[in-house]
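Peer 1: Chain by chain, the residues:
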Amino acid sequence: MEWALSIPRGQALACIDEPWDAKGTGPGFLADVREVCEGRFGSIKFTRMYFGQEFCEKALPSQKELDEALALAEQLGMNFTLVTPYVTETGLEAVKVLLQQLMQVQPRAEVVVNDWGVLQTIADDCPTLTPVLGRLLNKLLRDPRIMTQRKEPEEEALVRFRTCSLAGTPMQVLLDQYKVRRIELDLSPQGLDNHLTDWGYRLSLYLPYAVIMTGRICLLHSWGLEEHQKFKPFSGGCDRKCRFYWLKMSDPSHQVRKSKDWVILQKGNTIFYREQKEFLKEGLDKATRVGISRLVIQREPI
Amino acid sequence: MKILVPVNSVHEAETLVNLGAEELYCGLSPEAWRKSQGQEFWLNRRELGKANVGSLEELKELVVVAHRAGSQVFLTLNQPGYAPELYTDILTTVRQAQEYCGVDAFIVADPGLIRLLKEALPAVVIHVSSLAAVLNSAAVSFFSQLGVKRIIFPRYVQIETMKSIIERGGDHLEYEAFILNDGCVFEEGYCHVSHAFGGAFCHNPAWVYKPIKIKEEGNADQKCPRERLLRVNKETFGEHMDEYRRWLWIGIKNRGEMPGPKGYPLGMCGLCALTQLKEIGVESLKIVGREAPLKKRQQVSSLLRKCWILSQRVILLKR
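If you're matching them up, the sequences are chains A and B in order.
Mapped onto our numbering, the consecutive letters of the first sequence carry residue numbers 937 to 1238.
Mapped onto our numbering, the consecutive letters of the second sequence carry residue numbers 19 to 337.
Hints in this document: simulated from the structure, not taken from any laboratory.
Be careful, since some hints might not be right.
[As the list claims (entries may be wrong)] For lysine-lysine, the following DSS-like pairs were computed, each having C-alpha atoms within a straight-line distance of at most 25 Å:
no., chain 1, residue 1, chain 2, residue 2
1, A, K1196, B, K228
2, A, K1115, B, K231
3, B, K252, A, K1168
4, A, K1184, B, K336
[Said to hold, decoys possible] Here are some of the chain A residues that sit facing chain B, going by a computed Cβ distance under 10 Å:
no., residue
5, K1032
6, K1075
7, D1079
8, E1091
9, A1093
10, G1104
11, R1138
12, Q1202
13, K1217
In this text, a Cβ means the ideal position worked out from N, Cα and C, and glycines have one as well.
Turn these sequences into a full structure, and let the hints guide you.
Peer 2: So, in structure tokens, the structure goes:
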């Protein structure tokens, strides 16, 4: 198993010294994740750095931060993966600059893409880089209600919810044309497909945050703005309140029921569920059986 | 500019083409699909039953009505992705919809499905759904290479961004934008839930949000976490969430579907941008709301038509 440590931004590079945040108390506290992972695999050594994030073009790293991350990864002997979000035209220009920079330093480095346009850009402008299909372009459902809408979810239905177009020949041929050999997954509520290896890709799994939904209207950015400025996609800079707050979500109407398997959280413009210990344990057992070859550990997803 | 309106029946098609809708879109939920796939596997993003035409025969009749009036009909197959075992049934449905019913184009988000359809039925016309989240010109290029004809912009793309995308994406493609009705809280194409499991996940007003302060290296605000936690620019988190719920009510829930004083529906609106949209090369304006009552769609179509004519008169007067 290859272990990758996700570092979403330059300010978080220091966490490389304490990747599990053993002293923390917030949502970034990963002692439980470490216990499950080490219980299954023994002592863990991170050999790859995932730098960047998937959800917000406002939080793209600067060129200086990318330089620092590349230097740190090299210094520690870690492989390097640049993670990119979905982007508007403005964000695309910024991503292009980062891709060119990366290609000069590490021509064959991996880039996680979460936007068809970024995949096209790599094919057109940076063909030596290695694209990885990010989990936002993997359309497997991650709906926490999938297991609670019925008392006894039917296995036959769950099996079908464990697969998506990535498992089909048309998408496989298309992605092969774009030199995509690896795809990324979340631990979905319905579980992983027993036949994941038949999909024909190398497989990465993110822990412990799975993405439910993301968008360009940011709940936290709007906080403190004038009424007419709130709840809109915005141009210009961001004061990144998401660095300072998580929002823990609960639904007293029980449309989305409480679960022992996860806690639902919003950070910035994205809703996640954070997998809990037993769910993680079962998920990891399954992951090893179905051919997951890389685990990406996130202290925080944005 | 063409007006694109959702329909669910032949009667609705008759009514709406008479109000000037040059383009219609609909879903299909044939009985055979419902029987074989059950209640949770939808052919498109809207639930089986009320938001879909119920049979190929009805779809055929609907297309005849539309074509007689010079309008076109597009069929939605807009799930972000489909399990591959559904592809055979979908391909059969598309073939029937195209050859038997005469549907003019298919609204698709899944690149795998687009590739499959273009290989099996080269003449098939594909419009890239907003669920494909085409937010930049390189994404336009990606889908253009798959042989599509039209790009449907997702919600909330700014006019300047659309302009730039159209300029770079090229005029060999058509472009469509949302103009009226229902919003979405998140980016549709990056929403990994299904409305089949109890409706929309995101805009349930019952959600309770508890802010949790993050301990972070270099966070200068650690000294006063309570103040930082409670207020931003004098606005408390509670006040902010009240505003958020208000926005959900107005923008996403269309004020509970209550009409305004002149009978027009309330909610998301882009009517002030009609002239700009025309100038940048948007050719089709989409009215959202396949599940909305016909009366609402009639009023909205009529409103859009009036505003469009008015905007053209203003341009002429300025000249």
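Peer 1: Hints numbered earlier in the text: which of these fail when held up against the supplied structure?
Peer 2: 2, 4, 8, 11 and 13
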